Amino acid sequence: MNLYFNQISAIVWKDFVTELKTRELFSSMFIFALLVILIFIFSINLSIVKASEVGPGVLWVAFLFAGTIGLNRSFMLEKENGCLTGLMLVPADRTAIYFGKLISNFIFLLIMEFFILPLFMIFFNVDLLAHIGSLATVVLLGTLGFCALGTLLSSLSSNLKTREIMLPILLYPLLIPIVIGVVRMTGQILEGIPLSDMMKWIGLTASFDIIYIGVSIMTIDHILEE
Amino acid sequence: MDQDLEKEPDEESTVLIWLTGIVFFAAIAAIFIIVPTEKTEGPIQRIMYLHIPSAWLAFFAFFIVFISSILFLWKKEREWDIYAHASAEIGVVFCSLVLITGPIWAKPIWGTWWVWDARLTSTLILWLIYVAYLMLRSQTDAGSMRARYAAVLGIVGFLNIPFIHFSVLWWRTFHPQPKVISSEGFGKGMDTSMLATLGVSLCAFTLLYFLLMGQRIRLERLKDEVDRLKRQKLYSS
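Chains as they are written, first to last, in the working numbering: chain X, 1 to 226; chain V, 227 to 463.
What the hints contain is simulated information worked out from the structure, not anything from laboratory work.
Among these hints, one or two may not hold up.
To be verified - Pairs of lysine-lysine residues, derived as BS3-like cross-links and limited to a Cα-Cα distance of at most 30 Å, are as follows:
{"#": "1", "chain 1": "X", "residue 1": "K161", "chain 2": "V", "residue 2": "K301"}
{"#": "2", "chain 1": "X", "residue 1": "K21", "chain 2": "X", "residue 2": "K200"}
{"#": "3", "chain 1": "X", "residue 1": "K161", "chain 2": "X", "residue 2": "K14"}
{"#": "4", "chain 1": "X", "residue 1": "K14", "chain 2": "X", "residue 2": "K79"}
{"#": "5", "chain 1": "X", "residue 1": "K161", "chain 2": "V", "residue 2": "K456"}
{"#": "6", "chain 1": "V", "residue 1": "K301", "chain 2": "X", "residue 2": "K79"}
{"#": "7", "chain 1": "V", "residue 1": "K302", "chain 2": "V", "residue 2": "K459"}
{"#": "8", "chain 1": "X", "residue 1": "K79", "chain 2": "V", "residue 2": "K302"}
{"#": "9", "chain 1": "V", "residue 1": "K449", "chain 2": "X", "residue 2": "K161"}
Just so it is clear, the structure is predicted and the values come from calculations on it, not from any experiment.
Based on the sequences and whatever the hints tell you, model everything.
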């Protein structure tokens with residue numbers, strides 16, 4: 001068991017070192033998310049609509065789009081120079097590769113979100129600090145679900161010829177339930193409703209996370225097979 | 227193998243073709259001649275006898291995709307991959323029919339082509355998932371990789387249905403409450419002749435599913451056979 005965790009942390013560590021050296025993933029994700037938010041601000045009239053109503057949707061669309069860039073990058077990096085073949089030759093369980101990738105995607109996304117949220121607060125003039133605890137829970141649950149399914153599908157789409165196009169086409173319809181859930185929850189949080197009043201949404205998102213991590217563990221062997 | 231391919235479709239599918247034809251004829255007669263016109267909605271309500279069976283068939287086809295995908299990953303036999311592929315294609319066709327007949331029915335009754343109601347939304351999402359499934363299949367070359375990837379997506383996609391259902395249900399809904407199977411019991415909300423017509427129509431569509439499945443599977447097997455012969459020819463010359 002200890003060995004298994006070492007393998008996972010080695011993969012995560014490798015991704016971090018690569019990112020620290022190149023710094024291309026984080027900057028592109030951050031700037032892209034910022035651009036998405038700006039485009040939405042230009043396309044909606046903020047003096048007519050309530051910021052707490054459209055804000056959550058804009059925020060999560062930005063996270064989703066920027067996250068897709070991260071996911072596309074994550075396995076493409078491994079495809080270049082045959083790194084993925086190297087990873088698969090390691091006498092490690094295939095699920096270790098999945099979890100390593102899942103964790104590094106998750107952390108990259110969380111860092112990006114951490115920097116986007118203050119900007120969102122300023123642009124939309126909403127107070128996030130008052131409900132920071134419940135907001136953090138929702139962001140963690142939503143991002144985990146996105147990464148669980150996203151890592152599985154990006155490992156799959158990285159082998160296709162049209163990988164950048166296929167990943168969103170495969171991923172977005174499957175993510176709709178969780179997107180509806182987190183946008184609803186974020187909206188309610190901004191209106192000051194406590195987290196205990198939206199247990200059904202939390203249950204939905206949490207079970208989405210658990211089921212898709214489970215399915216990924218069961219099926220990743222069939223995807224990473226040469 | 228060769229004899230098998232030639233003989234098999236003849237006997238079984240001739241019976242099935244005739245049976246499907248007869249039941250479909252009965253269904254059409256029942257829908258347009260026998261069944262009384264609904265009091266409030268008028269003749270447009272007859273589209274229900276095509277709308278509901280199409281929806282049933284789409285869900286059934288996607289369920290078969292799910293089962294075949296699991297069996298493929300478990301047993302790794304080409305047969306299950308063929309079943310999943312054939313069923314997904316049929317499912318997408320009938321899911322499209324649901325999305326077409328729905329607005330035609332909704333326009334005179336609700337006054338609008340489309341509303342973001344729970345069942346419409348979930349059918350649309352489902353359609354998108356399985357169109358993506360077919361796109362994935364067309365993007366990859368034939369072989370074990372395509373079959374494995376498609377099987378994973380077939381499983382992941384079907385498991386998404388409960389999540390879609392609850393999320394869009396809590397989001398908003400104003401579809402007519404289920405009338406055939408309601409909390410009051412089976413078929414309480416409908417007239418007997420209407421229920422019978424719906425039953426015949428459901429039968430006809432289900433038979434059509436098996437007919438199309440049989441044809442599609444045979445086509446795929448013939449494709450495999452052609453590939454095999456091509457390779458044989460290539461290596462022997």
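request  = Given the hint that K449/V pairs with K161/X, test it: the Cα-Cα distance must not exceed 30 Å.
outcome  = 23 Å, holds
message = Tell me if the straight-line CA distance from K161/X to K14/X falls inside 30 Å.
response = Distance ~26 Å between K161/X and K14/X Cα, so the pair holds.
query = Given the hinted pair K21/X and K200/X, is their alpha-carbon gap at most 30 Å?
reply = 43 Å, violated
key: Hint consistency between K301/V and K79/X [alpha-carbon to alpha-carbon, up to 30 Å]   = 29 Å, holds
ask   = Between K161/X and K301/V, is the straight-line Cα distance small enough, at 30 Å or below?
value = Judged against 30 Å, a Cα distance of about 27 Å means the pair holds.
ask   = Within 30 Å, alpha carbon to alpha carbon, are K79/X and K302/V?
value = 26 Å, holds
inquiry  = So if I understand the rule, the pair passes when the alpha-carbon distance is 30 Å or less; does K14/X with K79/X pass?
reply    = 15 Å, holds
query = Would the pair K161/X and K456/V pass a check requiring their Cα atoms to be no farther apart than 30 Å?
reply = 25 Å, holds
ask   = Going straight from one Cα to the other, do K302/V and K459/V come out at no more than 30 Å?
value = 27 Å, holds
Hint compliance for this structure: hint 2 is the single one not met.
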